[in-house]
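**Student:** Residues per chain are reported as follows:
4 protein chains.
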Amino acid sequence: MKMFLSDNNSGVHPRILESISNSNIGHEPSYGEDKYTEKANELFKEVFQADVAVYFVTNGTAANIVGLSGLLKPFEAVICTDTAHINVDECGALERFGGNKILYVPNRDGKLVIDDIKGFLNSIGDEHQVQPRVISISQITELGTIYTIEEIKELADFAHTNNMFLHVDGARISNAVVALNSSFKEMITDTGVDLLSFGGTKNGMMIGEAIVSFNKELSKNFKYIRKQGMQLLSKMRFISAQFIPYLEEDIWKENAINSNNMSKYLKEELEILPGVEIMNKSLGNILFVKIPKGWNRPLQEEFPVYLINEKENIIRLVTSFDTTVEDIESFINYIKKLSSVH
Amino acid sequence: MKMFLSDNNSGVHPRILESISNSNIGHEPSYGEDKYTEKANELFKEVFQADVAVYFVTNGTAANIVGLSGLLKPFEAVICTDTAHINVDECGALERFGGNKILYVPNRDGKLVIDDIKGFLNSIGDEHQVQPRVISISQITELGTIYTIEEIKELADFAHTNNMFLHVDGARISNAVVALNSSFKEMITDTGVDLLSFGGTKNGMMIGEAIVSFNKELSKNFKYIRKQGMQLLSKMRFISAQFIPYLEEDIWKENAINSNNMSKYLKEELEILPGVEIMNKSLGNILFVKIPKGWNRPLQEEFPVYLINEKENIIRLVTSFDTTVEDIESFINYIKKLSSVH
Amino acid sequence: MKMFLSDNNSGVHPRILESISNSNIGHEPSYGEDKYTEKANELFKEVFQADVAVYFVTNGTAANIVGLSGLLKPFEAVICTDTAHINVDECGALERFGGNKILYVPNRDGKLVIDDIKGFLNSIGDEHQVQPRVISISQITELGTIYTIEEIKELADFAHTNNMFLHVDGARISNAVVALNSSFKEMITDTGVDLLSFGGTKNGMMIGEAIVSFNKELSKNFKYIRKQGMQLLSKMRFISAQFIPYLEEDIWKENAINSNNMSKYLKEELEILPGVEIMNKSLGNILFVKIPKGWNRPLQEEFPVYLINEKENIIRLVTSFDTTVEDIESFINYIKKLSSVH
Amino acid sequence: MKMFLSDNNSGVHPRILESISNSNIGHEPSYGEDKYTEKANELFKEVFQADVAVYFVTNGTAANIVGLSGLLKPFEAVICTDTAHINVDECGALERFGGNKILYVPNRDGKLVIDDIKGFLNSIGDEHQVQPRVISISQITELGTIYTIEEIKELADFAHTNNMFLHVDGARISNAVVALNSSFKEMITDTGVDLLSFGGTKNGMMIGEAIVSFNKELSKNFKYIRKQGMQLLSKMRFISAQFIPYLEEDIWKENAINSNNMSKYLKEELEILPGVEIMNKSLGNILFVKIPKGWNRPLQEEFPVYLINEKENIIRLVTSFDTTVEDIESFINYIKKLSSVH
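Line by line, the protein sequences give chains D, B, E and P.
With positions in the first sequence counted from 1, the corresponding number in my numbering is that position plus 136.
With positions in the second sequence counted from 1, the corresponding number in my numbering is that position plus 136.
With positions in the third sequence counted from 1, the corresponding number in my numbering is that position plus 136.
With positions in the fourth sequence counted from 1, the corresponding number in my numbering is that position plus 136.
A portion of the hints provided could be inaccurate.
Pairs involving identical chains hold if they fit within one copy or between any two copies, as the list cannot separate such chains.
Capping the alpha-carbon separation at 16 Å, the derived lysine to aspartate or glutamate pairs in EDC-like fashion look like this [stated by the list, open to error]:
{"id": "1", "residue 1": "Lys254", "residue 2": "Glu446"}
{"id": "2", "residue 1": "Lys356", "residue 2": "Glu263"}
{"id": "3", "residue 1": "Lys356", "residue 2": "Asp262"}
{"id": "4", "residue 1": "Lys447", "residue 2": "Asp251"}
{"id": "5", "residue 1": "Lys254", "residue 2": "Glu290"}
{"id": "6", "residue 1": "Lys472", "residue 2": "Glu438"}
{"id": "7", "residue 1": "Lys138", "residue 2": "Glu438"}
{"id": "8", "residue 1": "Lys321", "residue 2": "Glu182"}
In short, the hints are calculated from the structure, not lab data.
Fair warning: this is a prediction, and the values are worked out from it, not measured in the lab.
Just chain D, with the same shape it has in the complex (with noise of 0.2 Å):
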């Protein structure tokens, strides 16, 4: 049976699986100096056509942080909203990894919006105060909304006048890039980016990240940082062996429709339901819900769900890769008998 626990609670699609198997063969150079790792890291330059430096990482708090800690001095601050991942679901990773002060603010439906960076701008050249320098948006965003191309544009011109960066945690950046129907390339490099945390856990892979960097200079110490940050794999290849499949036979666009396809039809299922009420204006495969109270135990028991906010009796539900109609219909039909009965 599927949960719609969180996109981690899946396994790995069947041939990225195959891949890593497929590169068991014989010796292969450590620490990524490996054939695959070579073909991956090409492969990135291809679906964002551009000349970027990849690392690969093991999870997505390395990629975020790894990634950031080298874009900062100690003294300098990234930007982001409460409920960024690097805020709270990190357990203060950039703070001792980095020494980094994170400057967070209240997110508008999940987003970050240039309004509120701006009162951090005074803080520029006084001593008293930790400096400005990055600014980092989720996309997807935590609360399952998607920042449009627009405003991921606007928000890197502003970094860029304003002498800062502009970090994606893209941990699901697929489903927005499926959502939008748009491209790696489009959303991304065209937009002005200057690092990509660029997430395949949630999409189908078993353990791939990987730190995209659209600017070579200012990532020219990432190497150090990565080893430093205990990231540094040294049978690297099963890694990289992942991202072939996964960039080259668009496994990342097939398994991000489904999911968000899956999220669209339980979404559609569960909004005519009398005393549900959707939160959120998702298009990807993150829905957060509210329920009745009543449901909860019975609810946990059958088909554990994250209640994300108890007062509210909203609850989050996750779509994966591997969801299923079938999965969608069990779920559904057992909420039908909760409504008749509580």
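Dock chains B, E and P against chain D, hints included.
**Tutor:** Only chains B, E and P this time, still in chain D's reference frame:
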């Protein structure tokens, strides 16, 4: 063709790869709440015959740093040899992540001896100096030598007598256990080791490192430190699934026996050659070999090796779980050819 | 001419300077082993009527950061207001030196209220999130308001009930004690404060800040942290010698009475002027005053003030231990002149 | 009675104390915007005959750590001797605040020699290892020896040739300049030193340390690092005011001449005594002296000294700016008494 550059160049043992595949079924709770992790944890308790707390991480550096920084306050220090992996091969990870000083002393045949530690005891209580708190040794050492059970016990006793802990960097712990015809219990649990970095990657796993704590009170906060150290994997089951056959089916032993035996064979074949000198008392899978300078260029072309000491022209040869008699023989044949020409 | 920019702009009270001179006799043990430090430590025990441990440092930032980082493990966090000095005026010192996250919430009239802290309790035990461990308040607050004795006691009780500590940033603690007609014992010791940054510099000392710990077990390692935090002075006697008359001769009280009284006088004179609005409920020595925009330029030329809110045109006026009735009157006269012209 | 424990035990030169008093007039801008700081900055430019950037801090550890961490990225390292103050006497401040590794090598008579540095050049470009970036020497050294002008120049040239910087820990820089009959310009500016920790406290100041940067581009962010490092004093004028007579009236020279001369006199008196052996080639104010073990107890009772090497029974004797001929004579007389008895 197999190389002797490092045991990191090898791939994954087929039964371990199979276990990964077999765990790729449906959804599982993420971040280590899955059934594979539970099983793997139990197996660690069995092989060590102790109620250990186990934390899976993605590489040896992470096992060392998350564990050590968990034992240390920022003003406390770890004592090790100048050649220790934590001292020279981790790009200053402990200094950065933990803020801790590493007090290194000259190695004696790769080992740390108590007489070289005693001087640091004078610092205890002196606010001007870091406080020595952990003794860290590598088993097998970076120079391929192996601590005896008695030596480990003495170091542990010395540590405990002086209010310190003993940490073992066990990147190649299986090779040591096999070489001494010992057991994990006898070598680690019974000697009083407090914390072990248990390495599997160099011995046939894909990504398989574990922090093994013998003092649950001491490691009660390790879960936060692992997350803050960017080492908590979402799809943890794919790490845990590797440890199951590794421990349950004694793949650790099978693999270490092979690499040790191959190293022994390599040594026997090399030491009878004129101009060749075995430099270390290896019982494990690492040889340091002095060769004539004239061999360097042709050897690097055919059989890339790690020239570890340019002045003395010493190379390092590491055998792996998958090294075969044929691999040794083709290497030796090539060496013999060189020997006849240069 | 005295300014109202900050109490930092004032000099040193003559009796404190005299005490420095008087301690300049011959040789004394360094690093705080001298007789002046011993005496000052005793005086702290007297005025707080508690067996406190005292650590002298060189500024308020140091008192906050050495103390807080001493209470916190790197994955633990401090909760404070958005306006807290540790959050906005210390250039990210806690994040860098301690690696700790600061969880800031909107202030309520400069204060932290328990309802705004409760949300963080949900993080306890969750490895993905920093663990809340210290509640930090400023007395008097950065907005010039003052916590009542009852409010401090409630915060301390709430902290202790939830396995947390209460820290008070007392850069202007003397002004608070005087304003509430209280005592150090009643305001700090009896309410259950765990750690106090005791400020003297803003109240007539030259360099006079002390970390006062009410829990010796908790602060037993502070001596190492102070040294590692670059705050151990060799000629410590010249700091300690300042604290002796400050505490023994009640210079702290004499000075705070004057600055509070001068602030009150300033307020009375200002609030009757047309176009002027007092923005805070100050009982101490800090006023926030809304003035007509037209006054900005001439005021900055004659009496430089800190324009703290450009949009609302609010200035901050701080009185000092050495502010005189004449200083207030010449300022008010000038304001009246402006008032008649603009 | 004056002791020979450390030059830190001395007090403040009367003209420096007078300058502090004289600067205690009215209000001054805080945090170094005052006129005394401006004047002191100008004086530094004069004595070094260079357009230096100067940052006042409160102790020698702070001067070293704020400066060094300003030159280093966290994965970069500093090379020094095993006896360097930054390595053994700062409680791991650089490791914690900067996250930097210290690469220490055995000292040669207290000094760092180029041959011992060369090995670290092999690490350059290797992501597994910290990158050597700063060479740090102490002048005079912790063993009382003094680098010649030529030695400093060679170290600076070697550093620059290898893309590194040269830092001088000048806690006792005035004693060195006087001993070699040199000048700050000749010893520091002209040799190519990049960064100097300029020490005044041990030479008659109260709290007087300065970071002197010879490369403004390199130190442009030091103001943030000083604040983040808790070293920005609000009432800065009282530090700056000390430097004015120190530099303008050559108190630095007057004081260093006295302590050096007293050390020389002490040496001459000691070396003729039976059973006494001078252990270092001191030209400055630090002597290491081997004495008979029987003297320890009576000496500690009458003239506490620092027993620096218990095994060899070597004591350290430091003379100060205020040491008098009478101080030496009473010490020598006492020693002679001991000599006759034990």
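**Student:** Now tell me, hint by hint, if it's right for this structure.
**Tutor:** Hints, one by one, checked against the model:
For a Cα distance limit of 16 Å, the shortest separation of Lys254 from Glu446 across copies, 13 Å, qualifies, whereas the shortest one inside one copy, 33 Å, does not. Taking the shortest alpha-carbon separations for Lys356 and Glu263, only the inter-copy value of 11 Å comes in at or below 16 Å, while the best intra-copy value is 27 Å. In this assembly of identical chains, Lys356 and Asp262 lie within 16 Å of each other by CA distance solely across copies; the values are 13 Å between and 28 Å within a copy. For the homomeric pair Lys447 and Asp251, the shortest alpha-carbon distance between copies (14 Å) is at most 16 Å, but the shortest distance inside one copy (29 Å) is not.
For a Cα distance limit of 16 Å, the shortest separation of Lys254 from Glu290 inside one copy, 13 Å, qualifies, whereas the shortest one across copies, 36 Å, does not. In this assembly of identical chains, the alpha carbons of Lys472 and Glu438 lie at most 16 Å apart only when taken from the same copy (13 Å versus 69 Å across copies). In this homomeric assembly, Lys138 and Glu438 come within 16 Å of each other (Cα to Cα) only inside a single copy, at 11 Å, whereas the closest approach across copies is 51 Å. In this homomeric assembly, Lys321 and Glu182 come within 16 Å of each other (Cα to Cα) only inside a single copy, at 9 Å, whereas the closest approach across copies is 51 Å.
Every hint, counting from the list given before, is met by this structure.
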